[in-house]
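Number of protein chains: 2
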Amino acid sequence: MSNQTPEASPDKPLDLDALRAANPGHWRRATAIRTLTLDAVAAANSGHSGMPMGMADVATVLYEKHLKFDASRPDWPDRDRFVLSAGHGSMLLYSLLHLTGYPEMTLDQLRNFRQLGAITAGHPEYGHAPGIETTTGPLGQGIATAVGMAIAEEIQRARFGRKIVEHRTWVIAGDGCLMEGVSQEAIALAGKLELSHLIVLWDNNGITIDGKVSLSDITDQKQRFKASGWNVIEVDGHDPVAIDAALSDAKKGRKPTMVACKTHIAIGSSAQDTSKGHGALTDPDLIAATRRAYGWEHGPFDIPADIKAEWEAIGARGAEARAEWEMRLAELGAGKRGEFERALKGAPPRRLSATIRALKKQVSESTPKVATRKSSEMVLEVVNPIMPETIGGSADLTGSNNTLTKDMGVFSPEDRAGRYIYYGIREHGMAAALNGMALHGGARAYGGTFFCFTDYARPAMRLSALMGIPVTYVMTHDSIGLGEDGPTHQPVEHLAICRATPNTNVFRPCDTVETAEAWELALTSTSTPSVLSLTRQGLRTLRTAHSNKNLVSQGAYILADATEKRMVILMATGSEVEIAMAARDILERDGIGTRVVSMPCWELFETQDEKYRKKVLPAGPVRVAVEAGIRFGWDRWLYGERGKRDKGAFVGMHDFGASAPSEVLFEHFGITAEAVAKAAREML
Amino acid sequence: MSNQTPEASPDKPLDLDALRAANPGHWRRATAIRTLTLDAVAAANSGHSGMPMGMADVATVLYEKHLKFDASRPDWPDRDRFVLSAGHGSMLLYSLLHLTGYPEMTLDQLRNFRQLGAITAGHPEYGHAPGIETTTGPLGQGIATAVGMAIAEEIQRARFGRKIVEHRTWVIAGDGCLMEGVSQEAIALAGKLELSHLIVLWDNNGITIDGKVSLSDITDQKQRFKASGWNVIEVDGHDPVAIDAALSDAKKGRKPTMVACKTHIAIGSSAQDTSKGHGALTDPDLIAATRRAYGWEHGPFDIPADIKAEWEAIGARGAEARAEWEMRLAELGAGKRGEFERALKGAPPRRLSATIRALKKQVSESTPKVATRKSSEMVLEVVNPIMPETIGGSADLTGSNNTLTKDMGVFSPEDRAGRYIYYGIREHGMAAALNGMALHGGARAYGGTFFCFTDYARPAMRLSALMGIPVTYVMTHDSIGLGEDGPTHQPVEHLAICRATPNTNVFRPCDTVETAEAWELALTSTSTPSVLSLTRQGLRTLRTAHSNKNLVSQGAYILADATEKRMVILMATGSEVEIAMAARDILERDGIGTRVVSMPCWELFETQDEKYRKKVLPAGPVRVAVEAGIRFGWDRWLYGERGKRDKGAFVGMHDFGASAPSEVLFEHFGITAEAVAKAAREML
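The listed protein sequences derive, respectively, from chains A and B. Using this note's numbering, the first residue of the first sequence is number 2, and each one after it goes up by one. Using this note's numbering, the first residue of the second sequence is number 2, and each one after it goes up by one.
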C-alpha cells in the first residue's frame with residue numbers, strides 16, 4: 002500500500018480519500034488528532050494548527066506501534082521519552098495524551114487550550130501534566146535536551162542493566178529546530194557518542210513562518226546528519242505502513258537515527274503547504290471544509306467512543322511490559338533497587354552532608370590559598386565517589402573548569418559507565434543536555450565553561466529555571482580576575498544576567514568553605530538550577546572558624562563584625578570578599594567599626610525572613626558593595642528595605658574589562674581595599 | 002613540489018628541513034610569524050602559540066598572493082576583509098599586521114602583547130588597531146560575522162558596481178568555531194545566499210583544549226559544508242604551492258568555499274599535534290628547540306631586515322590597485338560618490354530628521370492605537386525609501402516583527418540589490434551578520450526576532466556592544482502582553498539583561514511617537530547598538546502634543562505632570578506607560594498630585610546632567626515603577642540619588658509568565674492602574 006500513497010504537487014492535490022481508503026483505521030485515529038487540534042486552536046483563537054495536522058500520521062504510528070509507555074503510569078522510569086521539539090505544535094502532544102488516556106489530560110483541558118490555569122499552555126510546559134517530558138517552544142531546545150536524556154539512559158543502563166533500563170528517546174523536530182545552531186551541537190554530540198536510542202523524526206514540510214524553507218535554507222539535512230554519524234531514513238510521512246517500517250528500522254541501528262518524514266503542513270485544509278498553515282487556522286469555513294475533506298462528521302471536541310477506545314487500547318498497550326518491569330525491579334535486590342530509586346527521586350546519598358562537613362573542617366584548618374575553581378574540584382573529588390549519579394562534563398575546558406575527578410570514567414561508545422562528558426566547544430548543547438539528564442531522572446548533572454559563555458548557553462539555562470530542574474553550571478573565570486584573555490572572556494554583566502533570571506540560584510563563593518557549602522546546596526536542590534561563579538585566581542581561605550552549619554544557605558551572613566561602633570557595612574561576593582576584609586582592616590585601624598557581609602547567594606538571602614535580613618544589614622551604617630562586575634542590581638542592597646535612608650556606594654566595574662594581568666586590572670579598574678575604604682569614608 | 006610535502010604520522014615525524022628546503026623564501030616568511038608568536042607569548046607568559054604556528058603557512062600565502070590590501074591604507078573600502086575567527090590565535094594577526102607594515106602595529110606592541118593599554122589584546126579587539134576587522138575570541142563569532150560582511154559587499158556591489166566594490170571576505174576558523182552552533186547558522190545562510198566572495202580556511206589540526214577533536218566530534222566537516230551548498234577544497238596546510246592553488250580555486254566558485262587546511266598545531270615544537278600546543282608555550286628550552294627546528298637563528302623579536310623587507314613588499318602589493326580604485330571612485334560622479342561616502346561614514350541622510358518629525362506630527366494628530374511593532378513598521382516605511390543603506394531582516398518572523406517594508410527587495414542569489422534578508426530561524430547568526438554588515442561599512446543593519454530570543458543572540462549582541470557598532474535589534478513581543486504563547490516566549494528578565502550590558506541603548510517606547518524618536522536615535526548612533534523592545538499588543542498614542550524635539554534622547558521625561566501638589570511620581574516604560582497614565586487619572590481624581598515619567602531609555606537618562614535628572618525625578622514624592630518585567634535594576638530609580646530618603650514601590654513581574662490572553666495576564670499578575678494607584682497610596 003505504501004507505494005500507492007498519493008503525493009501532492011502544484012498540479013495534483015493530495016488525494017485524502019485515497020489515503021483514507023488505504024488505511025481507514027489509522028486514518029480515523031490520526032484524524033482525531035487533527036480535528037482536536039483544529040477545535041482547540043479555534044476555541045483559543047490562537048495557536049498552531051498545521052504541524053499537528055501534518056505530523057498526525059507519524060505520531061499515531063509512533064504511539065500505536067513503537068513508543069514504550071503506559072498512559073496509566075506516566076512516571077514509569079523505563080518508558081520511552083517523547084520530546085516535541087517543535088513545541089508550537091503542542092496540540093499534537095495534548096491530543097495524544099488525551100486520546101491515549103493520560104488521566105490529567107481531560108477534554109476540558111483541551112477546550113481550555115492556552116487559557117490561564119489550564120495545563121494545556123501555548124507550548125508544552127514541563128510540570129503541567131504527566132507525559133510532557135520537557136518544556137519546548139524555543140526552537141532547537143527539544144532535540145538538544147533529548148541528547149541528554151539519551152546519555153542518561155545509556156549511563157543508567159550500564160549501571161543497572163538492560164532489564165531495568167532499556168528505553169528510547171523519540172523527538173519530533175521541525176525545520177526551525179534544525180536551523181537553530183544548537184541543533185548542530187546536539188547532532189554532532191549524539192553522533193560522536195553513538196546514541197543509538199535517540200531517534201529524531203524530522204517534520205519535513207518545507208514551510209516556515211516566512212514562507213518556503215527554500216527562502217532561507219538549501220541544506221540537505223540528510224547529508225548533514227550523515228556527516229555527523231547518523232543513520233538517515235526517508236519516509237512519506239502520510240503513509241502509515243511506510244512509517245511503521247521506518248520506525249522499526251530506526252530502532253535497529255547502532256547510531257542515532259534521523260527519519261526524514263515528508264509531510265504536508267495543515268494537510269487537507271486550504272492552507273495546506275503554505276506558511277498560513279503554520280499558524281492558527283480559525284476561520285469556521287476553512288475548518289468545516291477541512292473536516293469534510295477528512296470525512297469527519299463529528300462535532301467540535303467530539304471523539305466517537307470507538308475511536309477513543311482504540312486510542313485508549315494504545316494507551317494501555319505498555320501496561321503488561323510495565324508490570325513485568327516492576328517485577329524485575331523488585332527482583333533487583335534491595336541495595337541496588339534502593340540506589341536506583343534514591344537517584345530517581347533526586348535524593349542525595351546519606352553521607353553527603355558529613356562529607357561536605359569534613360571537607361569544610363579540613364580546609365578551615367589548612368586554609369589553602371586556591372582559586373574557587375580549584376575549590377570546586379576539591380569538593381567534586383570527595384562528592385563524586387559517594388554520589389554515583391553525578392554526570393560531569395565541560396565544553397572543552399576540562400583543565401580550566403576542573404570538572405573531571407579521578408575514577409569518573411569518560412562516557413563514550415566504548416565506556417557507557419563513564420560519567421564524564423567531553424562536550425566539545427558546545428556550551429549551548431551542553432546546557433540543554435544537562436536539562437535532559439535531569440529530566441530523565443536518576444542523574445545529577447553538572448557542566449562547566451567560562452562564566453562569560455553563559456551567553457552561549459542562555460536559552461537552555463533559562464529553561465532549567467523555567468522547568469525548575471536542579472542542574473549545576475560550573476562557571477569559572479568569573480571576572481576580570483581571569484586576566485589577559487581580555488574583555489571577550491571577562492564577564493561583567495553576567496552576574497546580573499543570572500541573578501535577573503527567576504528561579505536561579507547564583508553562587509559566588511569567596512573561598513573553599515563557601516564553595517563546599519554552595520555545592521552542597523546545588524547537589525541537594527530539588528527544583529532550582531545553580532550557577533557557581535568561580536575564580537581563576539587564587540583566594541585566601543576566609544572561613545577559618547569551622548561551623549557545621551551551611552552559612553551559604555542563608556544567602557548572606559556576617560563574616561566579620563565591627564570591633565568598634567558599627568559605622569560601615571561592606572558587602573561583597575567571591576573574590577572581592579578578600580578585598581572587603583582588607584578594607585575592613587584599613588577602616589578598623591582608623592577606629593571605624595566595619596562589618597563585612599559575604600553575600601554568596603542573593604536569591605537565598607532574599608528568602609530569609611525580614612528579621613534575619615535586618616540583622617545582617619541593619620539600617621544606619623553606610624554601605625559599600627564590592628564586586629568585580631557592574632553595579633546593576635546592587636541598589637537593592639545598597640539602599641536597604643523600602644523607605645530607609647541608608648547611604649550606599651559601589652566599587653566595581655562600570656564597563657567592559659581589558660586585557661592585562663589580573664592584578665593590574667584590579668588596580669586599573671580601582672577595585673582595591675583602598676578604594677573601598679575611601680568610598681566608605683566619603684559617606685561618613 | 003607540492004606533492005613532495007612530507008606528512009607527519011605517529012611513526013614518521015614531520016620533516017621540517019624538507020619543508021624548508023622545498024620553499025626556502027616562503028619558509029622564512031612564515032617562520033617570522035611563528036617566532037614572533039613564540040616570543041610574544043613567552044613575554045606575556047600567556048596566550049596561544051599553537052594556532053599561529055600551525056596556520057602560518059596558509060596565512061603567509063594568503064597575504065602574499067591573494068588578500069587584496071594595502072598596509073598603508075587599512076581603511077581602503079574595497080580591501081578584502083580578513084577575519085580571524087579563531088581569535089585566540091591573535092598573534093597570527095598581529096604578526097601579519099606588523100610584518101606587512103601596518104603603521105600602528107609596532108614591534109613594541111608585540112612585545113607588550115596582552116598588557117594593559119597595548120593594542121595587542123589577548124584576543125583581537127576591533128578598534129584597537131587598523132587591520133583588526135572584528136573582535137573575535139568567543140568561538141564561531143568570526144565566521145558568522147563574516148557572512149554579514151559578505152552580504153554587505155554583495156549589496157554594495159549591486160548598488161555601486163564592481164569597479165567600486167569587488168572584494169572578498171576571508172576567514173580562518175578552527176574546530177572550535179565549527180563546533181559552535183552559530184557556525185551552522187552561518188554556513189547554511191551563506192550557502193543559501195551563494196556568497197561566493199566568502200572563503201573559509203579551516204585550520205584542521207585535529208586538536209582542541211581537551212585533547213583530540215575525536216574526543217567530542219566525528220563530524221565530516223567537508224560533507225557538512227557541502228550539505229549547505231558550499232564548495233569544498235582540501236589542502237596540505239604546510240605546502241605553500243598547494244595552498245596557493247587552493248586559494249586560487251576558491252576564488253573561482255559561484256558558491257562560498259571552505260578550504261580544509263590540514264595542519265599541525267604548534268608545528269615543530271615538542272608540543273606539536275597535542276592539546277598542550279594549543280596554549281601558551283613558554284618553556285625556554287622548548288622555545289629554543291623549536292627555533293632550532295625551524296633553522297631560525299635570530300633572537301627574540303628579531304626579524305632580519307631582508308625578511309621584513311619581503312613582508313613589507315607584500316604589504317605594499319595592493320598600493321597600485323588601491324590608487325586605481327581611488328581614481329575610479331573619483332570618476333564615479335559626485336552624486337553617487339557622495340552617497341557611497343556618506344553611507345560609509347555612517348552619516349544619516351539629510352532628510353532623516355525632517356522625515357521623522359513629519360511622522361511624529363502626523364501620528365500625534367491622528368493618534369492611532371497600534372502595537373509599537375506596528376509603529377516601528379510605520380517608521381521603517383518612511384525611512385527605508387530615503388535611507389538606501391538600510392539592510393533589514395528577520396529570523397523567520399517577518400510578519401510579526403514588521404521589519405519588511407515596500408520596495409526593499411529581498412536579497413537573494415537572483416537579486417543582489419535586495420535589502421531584506423530572510424535569515425531563517427537563526428537569531429544568533431542574524432545578530433552576528435548584523436555586526437558584520439556594520440563592520441563592513443556602508444550598511445545600516447537591523448534585524449528582528451521576539452524579544453525573548455535575545456537569549457539566542459546574546460553572544461553576538463554582546464559583541465555589538467563591546468565593539469561599539471550601531472546595529473539595531475528589533476525585538477517585538479516584549480512582555481506577557483504577547484499572551485498565549487506562554488512563558489517560553491514571554492520575556493521577563495530580558496530588559497534587565499540588555500540594560501545590564503554596557504554600551505547598549507535599550508529603548509522601550511510607549512507609542513508611535515516614542516518609537517519614531519527611538520528609531521531616529523538608533524539610525525544616527527555611531528558607536529552604540531540599539532535594542533528596540535516593542536509590543537505585540539495595541540497601545541494608545543500618548544504623545545498627542547507634537548514636539549520637534551526628540552524627547553527620547555533624554556532617556557526619561559515628564560509625560561504628564563501633577564495638577565495638584567506633586568505627591569506621587571509614576572515611572573514606566575513601553576506598554577505600562579498607558580497603565581501609569583490611567584493610574585494617574587485615578588490618583589488625581591482623589592486629589593493626589595501625580596506625575597508620570599516615561600523612561601524609554603535608562604542609559605540615555607543616565608547620561609543627562611544631574612540637574613535634569615533631579616528635575617524629572619525630584620526627591621520628595623513617593624515613587625512607583627511599573628514595568629511588565631522583573632524589578633531587577635529598578636531600585637536604581639526607585640530610591641533616587643545616593644542617600645536620599647525617597648520611598649518606592651514596584652508593580653511588575655516577580656517570576657515567569659503564563660499562557661493566557663494578554664488582558665487576562667495583566668490582571669492575573671496585577672499589573673493594572675488600580676494596583677499602581679494602590680501602591681502609591683500605601684506609601685503616602
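The hints are simulated quantities; they were obtained by calculation from the structure and are not laboratory data. Quantities reported herein were computed from a predicted structural model and do not represent experimental measurements. Honestly, I wouldn't trust all of these hints.
For each label pair, taking beta carbons as the anchor points, the in silico distance ranges come out as [as the list claims (entries may be wrong)]:
no., chain 1, residue 1, chain 2, residue 2, range
1, A, 562, B, 607, 46 to 56 Å
2, B, 413, A, 163, 47 to 57 Å
3, B, 655, A, 673, 30 to 40 Å
4, B, 616, A, 591, 32 to 42 Å
5, B, 117, A, 591, 55 to 65 Å
6, A, 607, B, 607, 22 to 32 Å
Glycine included, C-beta positions come from ideal geometry on N, C-alpha and C.
Checklist entry - Has the hinted range 55 to 65 Å been met by the Cβ atoms of residue 117(B) and residue 591(A)? => result violated, 31 Å
Item to check | Assessment of proposed distance window 47 to 57 Å (beta carbons of residue 413(B), residue 163(A)) | outcome: Check passed, 52 Å falls within 47 to 57 Å.
Item to check | residue 562(A) paired with residue 607(B), Cβ distance criterion 46 to 56 Å | outcome: Violated - the Cβ-Cβ distance for residue 562(A) and residue 607(B), about 35 Å, lies outside 46 to 56 Å.
Next on the checklist: Between the beta carbons of residue 616(B) and residue 591(A), is the distance compatible with 32 to 42 Å?
Outcome noted: Since the Cβ atoms of residue 616(B) and residue 591(A) sit about 39 Å apart, the hinted range of 32 to 42 Å holds.
Item to check | Status of the given 30 to 40 Å range, CB of residue 673(A) versus CB of residue 655(B) | outcome: Given a distance of about 37 Å, which is inside 30 to 40 Å, the answer is holds.
Checklist entry - Per the hint of 22 to 32 Å, is the separation of the Cβ atoms of residue 607(A) and residue 607(B) within bounds? => result holds, 25 Å
Comparing the model with each numbered hint stated earlier shows that hints 1, 5 do not hold.
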